[in-house]
Every structure is written in C-alpha cells, then in structure tokens.
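Asks: Sequence:
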Amino acid sequence: LAPGKCCNSSSIPEPLATIKSESRLKHLLQRLPSYCPESMNELWICINSTLPGASRKSDGWVGLGCCELAISAECRRECKQASSKNDITKICKKDTEQIVTVLSVCAASVGSVCCSYAGRHTNCREYCQAIFRTDSSPTVSQIKAVKEYCQSISPELIGCVGNYTKSYPIRSPIDSLYCCDRADEPHCQVACRRILRTMTTEHEIMEGLIDECGSQPLPQDPLWQCFLGSAHPPTKSETETSPTAKMDGAKLHCCSKANTSLCRDMCQEISTNWGTQTWQEFDQMCEYNPVETDLITCLADVREPCQLGCKDLAYCTNFNNRPTELFRSCNIQSDQGAMNDIKLWSNGTIKMPFMNIPVLDIRKCRPEMWKAVACALQIKPCYSKSRGSVICKSDCVDILTQCGDHKRFHEGQTAERICEILSPIDDPERCIPLERYLSDSLGNIIEEVIHPCNPNPCLSNHLCEVNRKGCQPGQDCLPYFCVPGCKLGEASEFLVHLEARIQVPMRNGQAGCFEVCTCGQSGRLENCAEMPCIDTSKTCIVGGQRKNHGTSFRVDCHPCSCFAGETICSTRQCLSADSSDEDRRRFTGLPCGCPDRFVPVCARNGRTYPSACVARCMGFKDNQFVFGHCRSSDPCSPNPCQKNQRCIPSRRVCLTDMVDYHCPQYECVGRPSGCGKIHMDLACDTDNVEHPNLCQLLQMDKTLAYMGHCQDACKKARPVCGHNGETYNTVCEAYSDRVAVDYQGRCHAVGAVAEFASDSGCDMIPCPALSTPGCIPVTPPGACCPLCAGMLQILWNKEQINNFAKQPVTVHDILRILRLHISVPQCDIFGYLSIDSEIIVLIVPVDQQPTPLQIEACSMEAEKIDSLINYGSPTLVSHVPLSAFLTSEVSISTIRSAVCVGFCLRACVYAYVYAHVCVCVCVCVRDTERERNQVVKSQRGSQV
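Here UniProt numbering is used: the first residue of the sequence shown is 1, the next is one more, and so on.
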C-alpha cells in the first residue's frame with residue numbers, strides 16, 4: 001500500500017494493489033484497521049506523506065490518504081482535489097460504493113484515536129462514536145452533543161473531533177426528512193424518507209427523488225423548495241411529529257430494570273430526549289451504583305452487545321487469539337483507549353466520574369497488572385452469569401493495597417472501601433479475573449472459528465448477517481451480507497431487520513405498556529399500535545414466598561416464572577425424594593405419566609406427539625388430533641388454493657392458540673410469469689437439480705425437495721428421524737426444516753423428557769457415533785441419542801404470544817430470529833417444540849467432524865443466548881415473538897481429554913446410583929484452562 005512501519009506490516013495478507021476482485025478488495029479495506037494496529041495518527045501521516053499526489057494538498061481533508069485506493073484513475077485524481085466526501089461521490093460514479101467504504105474505514109480509524117480520549121466515560125465515548133459511525137456527514141446536533149458533554153472530560157477529544165468535522169459539510173440528508181411531508185403524493189412522501197435515509201450523496205438523492213416522485217427540481221415545488229434549502233427550517237412542532245424523534249427505544253427497554261426511582265427517571269429522560277445533560281448525572285449517580293447492576297448491564301447490551309472472538313489488538317495482546325470467548329468491545333478503539341488510560345494513570349491519579357484514586361508510579365508498581373486492568377475495562381470480557389465489566393474484588397484490593405498512594409488517600413479511604421464500590425463481586429463467574437489475562441491465550445491458532453461480523457463491516461444503517469447460503473458458481477462473494485434495517489428511534493444505534501415486528505416501551509414510561517411497530521422500507525418504525533398493558537405490580541405467592549413480576553425460580557424439577565401475578569411453570573415430570581419403589585418403577589418420564597408406547601398422532605398445531613395420551617396431556621381434545629405423523633399427510637390434497645395458484649407444502653409448528661385457530665401446512669403461490677432479481681436462496685428439487693431460488697424452481701414446474709444446495713448424499717431417500725418425532729426422506733430435508741437428526745431410519749421410539757426415566761423403546765435404537773471423540777454430549781428432550789451441541793430449553797408465555805400475534809407464530813419464526821444472533825459460521829441453529837411444550841434450541845457444529853474449538857464455540861453461542869433470555873436483554877425481547885420468553889436453561893457439550901476423564905473418575909466429589917444411571921459430578925480443567933462443572937452419565941452396560 002505504501003512505505004512506512006505500518007504499511008509494510010507482514011500482517012497484511014496480500015498487497016492491496018494486486019487484488020483484482022472488487023469484493024475481495026472491499027473486504028480487506030473494511031478490515032484495514034485490523035491489519036495496521038499501530039497508532040492511527042502514525043498511519044495517516046504515513047499514508048498522506050507517501051501516496052502520489054499527497055503533496056498537492058498538505059492541509060487537505062482526512063480522506064486524502066485513501067484516494068489512491070479508488071479503482072479508476074479519474075476517480076483517484078478527483079478524490080485528491082476534493083474538499084469533502086460528498087464532492088467525491090459526485091464524481092466517482094462507478095467507484096462510489098468502494099470510495100464510501102474506504103472513507104468509512106478512514107473515519108473509523110480517526111474515530112478510534114479521538115474517542116479513546118474519553119477513557120472510561122462511557123457516554124462521552126458513545127456521543128463521540130456517533131460522529132464516526134454515521135455513513136453521512138455529522139449533524140449539527142451530533143457535533144453539539146459532543147462539545148457539550150465531553151468538554152469538561154477531555155479537551156483533547158474535542159480538538160480531535162473538531163479537526164475531523166471541519167472537513168465535512170454540516171448538513172446531513174436526515175436533517176431534511178421534514179421536507180418529505182411537503183410532497184403532494186403519499187407514495188412520494190414514503191419514497192423521499194427512504195431515499196434520504198439510504199442514500200449518501202446529493203446527486204443520488206436528487207436522481208432518486210426525480211425517479212420516484214416524477215417531478216423536476218422546480219423552485220415553486222414545495223418539496224424541492226424545502227430540500228434545496230430556500231424554505232424555513234423545521235419548527236419545533238414539525239420536528240416532534242415523529243413518535244421516535246430524539247428517542248432510543250432500545251435503552252428505554254432497560255429503564256424498567258432500575259431499582260431506584262431516581263435512576264429510573266434519569267434513564268427515562270436520556271432515552272426519550274437524546275442529547276440531554278442528564279447523562280452526566282446518570283454517570284455519577286447510577287453507573288457505579290451496586291443496586292443498579294441490572295440496569296447498567298442492560299444498557300451495556302444495547303450499546304455494546306457481547307460478541308464472540310477477539311484478535312488483532314496491538315496493545316492488549318494478551319486478549320488476542322480468543323475465538324470462543326465473549327467480549328463487548330474488542331476493537332482498535334478500545335485497544336487505544338487502554339493505552340491512553342495507562343498514560344493518564346501514570347500521572348498518579350485514576351479519575352472516575354465520582355472519585356479520584358491516588359496511585360504510585362504504575363510504570364514501576366506491577367505494570368503488567370495495571371495493563372491487564374486497563375485492557376479488561378476497555379475490551380470488556382463477558383461471562384455467562386454476569387455481563388457486567390468489573391474486575392474481581394480480590395484483584396482490586398490486591399493492586400490498590402500494593403500500588404495505591406495511601407498517603408494521598410482521603411480520610412477513611414482504604415483499598416477495601418474503594419473496591420467495595422468499584423468491584424463488590426469476587427465470584428470468577430461474575431467478575432473479570434485478571435490472572436486470566438496476564439499471559440497469552442492460545443498463541444497463533446488456525447482459524448477454525450471465524451467471526452465475519454466482528455468487527456462490523458457494514459454501514460451504520462445496515463445490519464451484518466453471516467453468509468450461510470454460499471456463493472453461486474463463478475461469483476466472488478463475502479462471508480457476510482449487509483442488509484438495511486431500522487433504528488429503534490432516531491437517537492438509537494440499535495438496528496432491527498426490515499419487516500420485523502418490534503416491541504417498544506411507551507414514551508410515558510408506564511411500566512408494562514408497549515406498542516408494536518413494523519420496520520418499514522423507509523428505514524423507520526411504522527404502523528405502531530398500542531398493546532394492552534401488563535400489570536407488573538402483581539406478585540406471585542410460591543411456597544409462602546412473594547415473587548415479583550419477571551422473577552424466575554424452580555418448583556421441584558420445574559422451571560417457573562412469575563408473569564403479572566401468574567405463576568407459569570413447565571410441565572416436566574418429577575420424582576420426589578420420598579417416592580416409593582413402585583412410583584419409581586412406573587415412572588416413564590413422559591407427560592402425565594403416559595406409557596412410552598409410540599403410536600403417533602398429529603395435533604392441530606402441526607406437531608406430532610408420540611401418543612394420544614401425550615396429546616391430551618398437552619391440552620388437545622380428541623377432535624383436535626388425528627392418528628399418524630403430521631408429515632405423512634398431504635396438505636395439498638385436496639387442493640385448497642385457487643385455480644391460478646399452486647399449492648406448496650409448508651410444514652410448520654404453531655405456537656399461537658387463537659380463537660379462530662389456523663395453522664396452515666401449505667402456501668398458495670401464484671404461478672410466476674417471470675422471476676426478478678431475487679436474493680439468492682437456493683432450492684433443490686426432487687430430481688436433485690439446484691435452482692437459484694424457489695421462484696425459478698416453480699417456474700420450471702418442479703417439486704421442491706428442500707431448500708439449500710443439492711447434496712450428493714441426499715440424492716437417494718435414506719429416512720432419518722428428527723428430534724421432533726418426524727420422519728424425513730433425507731438428512732437434507734430435515735436440516736432444511738431446521739430440525740437436527742436423532743437417528744437413522746423411520747421414527748419408532750420416544751425418549752424421556754424428564755431428567756431420570758426408566759428403560760424405554762430407545763434402548764433398541766442404534767445411535768450414531770459422536771461427531772468428536774471425547775465429547776461430553778447433550779440429549780435433547782424426547783430424543784433417544786446424544787449429540788455434541790449447545791442446548792437451550794426455553795419456557796415461554798403462550799398468552800403473550802397470542803396477544804401480540806397478528807398471524808400464527810411458528811417455531812421457524814423463533815429460529816429465524818435467533819439464527820441472526822449466531823455469529824460463527826461454523827455453528828448453525830436447529831430446534832423444535834418438545835412434547836411437554838418447551839421450545840428446544842440446538843446450536844450444532846456444521847462440520848461432520850468438528851474440532852474441539854468449534855464445539856466450544858457453539859456451546860458459547862448457546863450460553864450467550866441463554867444469558868440474553870434470562871436477563872431480558874432488549875437485543876432479544878424487542879422482537880415480538882421472543883418477548884414471550886420467560887426463562888431458559890442451558891446444557892453444553894465440552895471435550896474431555898484422557899487426563900481429564902481419569903481425574904474425574906478418581907476425584908468425584910459426589911456420586912450416587914439412581915434408576916440405573918450413575919451420575920458423577922466433577923470439576924475438570926480443560927485444555928483451554930476454563931473451569932466448569934461437568935456431569936458424566938453412564939447407563940447400565942455402557943462405559944463412562
């Protein structure tokens with residue numbers, strides 16, 4: 001790319017100038033900061049001083065050094081002579097997407113320098129990041145917010161941001177949204193909003209408005225008069241017409257988690273009036289308040305969700321090569337922030353929002369420990385039981401006892417008292433143990449696990465999705481997609497997918513009151529409708545104890561939750577400790593003690609149950625199920641569709657139970673006259689011929705076998721039994737239905753759903769070998785065979801799904817949304833409704849013989865989602881179907897080495913024999929040095 005220390009770095013995988021593929025070049029450019037993890041100031045000095053043409057404009061704008069990366073010579077020349085990004089995109093028509101991407105990288109790099117000056121002041125850093133995240137020019141309100149909030153915190157940050165914003169026009173297309181209301185035609189108003197939100201240059205916007213509205217930019221036209229700037233700016237009443245103006249709906253979700261009325265009110269204010277000075281007060285009063293842990297953690301989930309993987313850090317190198325650990329902020333900006341923190345702390349004082357801590361010279365007193373502290377607080381590891389970012393109390397006391405300047409401590413101030421405020425927790429599952437980050441992790445490992453969306457390569461109004469659909473032959477493609485989305489309010493950085501139905505708290509702040517909106521094509525939440533309020537003040541009485549709304553607990557073996565005064569529990573079967581021998585002998589582990597005979601029935605919800613007894617136990621009447629598997633009947637016979645439509649079987653299991661119950665197992669599709677440019681969604685027909693999408697398959701008058709690539713292994717029918725009790729012709733058919741395979745052959749047995757059960761029909765099932773030797777597997781409820789995967793058992797509220805649903809909600813709907821949260825391409829999601837009505841989610845390695853690292857990654861993905869469910873994180877509960885989740889239990893697979901197994905067998909701390917199952921509970925230290933309680937089960941006649 002250019003001479004210099006960074007530009008010649010061997011970490012750049014290939015010379016950028018030699019790359020011919022635009023998509024490959026774009027992929028590398030978006031990760032340019034990862035390849036050059038030195039100080040970004042040095043990088044831009046290096047680039048600006050060495051690239052051809054740089055000397056023409058020594059005082060030029062920040063993007064100058066990136067101009068050489070444009071493809072055409074004309075664009076490179078005009079880029080160097082430009083004074084802003086908007087000027088470039090007018091000229092570089094073919095290179096527009098690339099140059100905008102390059103400049104976004106430049107902006108992100110400069111941003112990492114500027115915003116790192118914020119140190120631990122989270123909200124100052126958040127306002128700063130908003131300047132550099134946007135794919136359009138910074139707005140006046142953004143610049144003003146940074147100046148007002150960060151002035152007293154960091155003059156260096158203000159100067160750095162000021163130098164950056166001088167090169168950019170202060171007007172953003174979004175600032176002109178009010179003009180769209182002046183268009184005469186409603187379709188023009190909708191198109192105008194969409195164009196201003198999705199297009200970045202004036203040229204693109206004008207062309208788009210001309211095409212969509214069918215009018216030329218005449219000065220007498222109210223729309224053009226306003227857009228071109230001759231009209232008055234919007235009045236206060238005009239700017240407040242949008243229900244989401246200055247609102248952050250994602251953060252508003254968190255306010256109900258506040259334990260004090262003061263922090264609840266402040267949270268309400270900052271979430272509905274973006275830019276308010278209340279943030280500063282909120283930092284001082286709530287950010288480190290130990291009783292507000294749930295609130296602060298929730299806000300952290302919105303700002304910086306936990307993501308798998310960390311690498312490419314230049315300063316915090318001990319955090320690198322950790323592909324199966326969760327972090328909130330593993331990026332160059334946080335890496336630089338940690339380095340700046342150490343520089344600031346070296347002055348002898350650690351400045352906090354509410355206290356100053358005097359310290360000795362940290363360059364001499366345990367410097368590696370201080371570096372681990374700074375890096376941990378910036379990179380922010382996440383743990384399963386707590387997603388907060390505090391170091392463990394013992395580490396805090398240890399380092400302040402040795403390195404605190406006790407002579408300068410205030411009266412009554414001690415290391416213990418300071419740490420009681422900063423780090424009151426000492427459970428290594430709930431805090432950050434520094435010892436873990438005092439040395440390198442796995443070294444230079446092969447990338448068995450990758451993270452295409454971390455760091456996020458997409459523009460600020462697009463979501464990143466892992467590419468699981470592959471590439472068409474001859475096409476060069478990326479491992480991810482960037483898809484447009486909607487913000488949860490104009491002040492929010494949290495995005496949701498188009499057409500998603502989203503639950504947003506009411507602006508008045510009344511607890512339990514929501515409106516449900518749809519993410520429209522305009523990029524905004526639309527068609528909002530108020531829902532009946534939930535009375536969160538009602539409590540549940542369980543065993544003589546009062547449980548608050550939203551509290552989860554157990555009654556015997558049942559997971560339960562209190563919801564608006566109603567106790568909702570699973571229908572699992574339990575054996576009490578004082579059960580008689582006869583009770584134990586007759587215990588089958590099936591609902592209502594049903595016998596384990598397999599005589600399947602198909603219920604009206606589309607689920608196959610192993611017997612009529614189980615179906616009745618789940619509340620179905622005799623006229624609501626028929627004997628046989630659901631997949632054995634043809635939903636298109638007789639044809640329920642109109643003459644000009646084609647009936648396509650579409651199997652589904654519905655979770656809703658509305659008055660006019662309808663769970664259709666088919667779709668009526670119009671016979672297509674032609675297929676437009678539909679996003680690739682491969683489909684395989686029954687002749688094993690692959691089609692780009694279902695439309696083209698139907699146009700060829702073929703029958704769908706399954707979605708996805710045609711697989712040679714699935715050319716011939718080889719029946720398999722899925723975890724949902726359905727028989728599929730091939731494993732490809734099962735996977736296309738998002739169902740993992742239990743065993744080979746047709747379904748003819750049912751496994752227990754209780755933890756302990758007597759022998760059943762599963763004893764005669766030959767289970768396939770585990771995918772990886774040494775794997776400690778999980779056995780899904782109702783299944784016969786174990787597998788290596790992460791598993792969630794989710795308790796949900798049917799009444800809430802019924803209230804929010806406009807149409808039947810299916811298991812597929814749940815899996816489709818959860819799949820977006822699986823960031824590792826080496827893992828995929830499957831699931832089903834168990835026979836006792838829990839939602840079972842499996843996160844399984846996609847390789848036939850996965851590595852231990854891949855199994856661990858899938859288990860961590862399961863733990864991540866389990867934590868989001870149990871803490872009611874807005875990243876999940878803002879989605880309408882997922883808002884009905886009450887509580888979750890997670891089971892994970894791990895790999896045990898021969899040494900670990902020997903240790904377990906020799907050092908069991910608890911063992912007993914019960915119902916022919918030996919349970920050995922051990923503590924094993926795995927190769928990755930992560931401690932975890934393991935349960936090893938051995939059924940009669942088999943080996944541990």
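Everything labelled a hint here was simulated from the structure, so no lab data went into it. Any given hint could be a false lead.
Claimed, not checked - Below, computed lysine to aspartate or glutamate pairings styled on EDC-like, alpha-carbon distance capped at 20 Å:
(1) K393 / D426
(2) K469 / E156
(3) K407 / D361
(4) K469 / E690
(5) K351 / E126
(6) K364 / E435
(7) K798 / E690
(8) K144 / E156
(9) K806 / D657
(10) K351 / E287
(11) K343 / E156
(12) K702 / D685
(13) K311 / D294
(14) K716 / D763
(15) K643 / D657
(16) K311 / E416
(17) K311 / E448
(18) K806 / E526
(19) K393 / E429
(20) K351 / E281
(21) K351 / D361
(22) K144 / E126
(23) K351 / E156
(24) K643 / D701
(25) K716 / E755
(26) K144 / E526
(27) K393 / E416
Said to hold, decoys possible - Have a look at the derived ranges for each label pair, beta carbon to beta carbon:
(28) H748 / G520: 24 to 30 Å
(29) V599 / P649: 21 to 27 Å
(30) L344 / D657: 54 to 60 Å
(31) D657 / G565: 45 to 51 Å
(32) I541 / D657: 25 to 31 Å
(33) Q848 / G565: 45 to 51 Å
(34) C471 / C668: 51 to 57 Å
(35) F354 / D440: 56 to 62 Å
(36) N273 / S439: 44 to 50 Å
(37) K469 / D687: 20 to 26 Å
Cβ coordinates follow ideal geometry from the N, Cα and C atoms, glycine included.
Asks: Which numbered hints are broken by the structure, listed smallest first?
Replies: Violated hints: 2, 7, 13, 14, 15, 16, 25, 26, 28, 31, 34 and 35; rest satisfied.
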